[in-house]
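**Student:** So the protein sequences, as listed, match chains A and B. All the letters of the first sequence, read from the start, carry residue numbers 1 to 115 under the working numbering. All the letters of the second sequence, read from the start, carry residue numbers 1 to 111 under the working numbering.
These are computed hints drawn from the structure, not numbers from a lab. All C-beta atoms, glycine included, are put in the ideal place defined by N, C-alpha and C. Among the clues, some could well be false.
To be verified - One side only, chain B facing chain A, incomplete, derived with CB under 10 angstroms:
| # | residue |
| --- | --- |
| 1 | His9 |
| 2 | Leu44 |
| 3 | Phe101 |
| 4 | Arg103 |
To be verified - Listed below are the simulated PhoX-like cross-link pairs for lysine-lysine, each with C-alpha atoms no more than 25 angstroms apart in a straight line:
| # | chain 1 | residue 1 | chain 2 | residue 2 |
| --- | --- | --- | --- | --- |
| 5 | A | Lys57 | A | Lys42 |
| 6 | B | Lys69 | B | Lys49 |
| 7 | A | Lys78 | A | Lys42 |
| 8 | A | Lys57 | B | Lys69 |
| 9 | B | Lys71 | B | Lys58 |
| 10 | A | Lys42 | B | Lys69 |
| 11 | A | Lys78 | A | Lys57 |
| 12 | B | Lys58 | A | Lys83 |
| 13 | B | Lys49 | B | Lys71 |
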Amino acid sequence: EPEVTQTPSHQVTQMGQEVILRCVPISNHLYFYWYRQILGQKVEFLVSFYNNEISEKSEIFDDQFSVERPDGSNFTLKIRSTKLEDSAMYFCASSERVSGNTEAFFGQGTRLTVV
Amino acid sequence: AQSVSQHNHHVILSEAASLELGCNYSYGGTVNLFWYVQYPGQHLQLLLKYFSGDPLVKGIKGFEAEFIKSKFSFNLRKPSVQWSDTAEYFCAVKTLGRLYFGRGTQLTVWP
Numbered sequence: 001e002p003e004v005t006q007t008p009s010h011q012v013t014q015m016g017q018e019v020i021l022r023c024v025p026i027s028n029h030l031y032f033y034w035y036r037q038i039l040g041q042k043v044e045f046l047v048s049f050y051n052n053e054i055s056e057k058s059e060i061f062d063d064q065f066s067v068e069r070p071d072g073s074n075f076t077l078k079i080r081s082t083k084l085e086d087s088a089m090y091f092c093a094s095s096e097r098v099s100g101n102t103e104a105f106f107g108q109g110t111r112l113t114v115v
Numbered sequence: 001a002q003s004v005s006q007h008n009h010h011v012i013l014s015e016a017a018s019l020e021l022g023c024n025y026s027y028g029g030t031v032n033l034f035w036y037v038q039y040p041g042q043h044l045q046l047l048l049k050y051f052s053g054d055p056l057v058k059g060i061k062g063f064e065a066e067f068i069k070s071k072f073s074f075n076l077r078k079p080s081v082q083w084s085d086t087a088e089y090f091c092a093v094k095t096l097g098r099l100y101f102g103r104g105t106q107l108t109v110w111p
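The task is simple: from the sequences and hints, build the whole structure.
**Tutor:** As C-alpha cells, this is what we get:
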C-alpha cells in the first residue's frame, strides 16, 4: 500500500539553527500539506502546496518557514531559525486533490525538539 | 473558521467495554468528516470517513461513526474495545479544502 514517508523520525536542534524536514508524498498525489502538533495541543494546519507553489498557509506559517519540492518526489519544510516553541510533531500529508470527496494520507511524523 | 471539539481528552476502558468518543464542529456548510487513529510510534491512519449518503458510517476494526447534521456531531463508537485499540483518536473536518483537527482523545484499554 502506498504511504507517505517522513525523515527523520526525530530531530534535535539548537535554538537558532535551521532544520529541514523531509517528506515523500504518495507518487500520484498532487496536493501536499504540512501540519504540526505541539505536545498536548491540536493538530494545526501549516501550509498546503500545489503545482509548485503555496496554495494556502496559516498564520503560524511565518517568514521563518518555507516549503519546497526540490525534485519530483520530495517535499520539504524548512525552519530557518528555530525557536523553542517550534518543538512539535510535524506531519506531512498528501492527497489526490483538494476539493471533493478525497482524503489526506499522513506520514508518521517528525518529532522536532529545539533545545 | 472551522472549530472541532473533542470533549474527552483521555478515556480509560476495560476490554469489552463500549466506546463512544464525541466530536463536534462549528461550521455549518458542506463538510467532509473523518476519524483518524494514531497508534504509538505510527502515523495517522484513516479510521473512517463521511462524505455523503448514509449518516452511519462503518470503518475498519469494528469502528463506526454517526453524522448528526442538526447537532454538528460525528461521534465515534465501538461496541466492544480491545487492548489493541489503545491509541490516540483524532476527529477531523474538511471545510473548503482544509482539514481541521480536534485536540485528540487518548484511549487506553486495560486487558
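**Student:** Run every hint past the structure and note whether it holds.
**Tutor:** Checked hints:
no., hint, verdict
1, His9, "holds, 9 angstroms"
2, Leu44, "holds, 4 angstroms"
3, Phe101, "holds, 4 angstroms"
4, Arg103, "holds, 5 angstroms"
5, A:Lys57 to A:Lys42, "holds, 17 angstroms"
6, B:Lys69 to B:Lys49, "holds, 15 angstroms"
7, A:Lys78 to A:Lys42, "holds, 21 angstroms"
8, A:Lys57 to B:Lys69, "violated, 29 angstroms"
9, B:Lys71 to B:Lys58, "holds, 20 angstroms"
10, A:Lys42 to B:Lys69, "holds, 23 angstroms"
11, A:Lys78 to A:Lys57, "holds, 14 angstroms"
12, B:Lys58 to A:Lys83, "violated, 42 angstroms"
13, B:Lys49 to B:Lys71, "holds, 18 angstroms"
Figure legend: structure checked against the earlier numbered hints; hints not met, in rising order: 8, 12.
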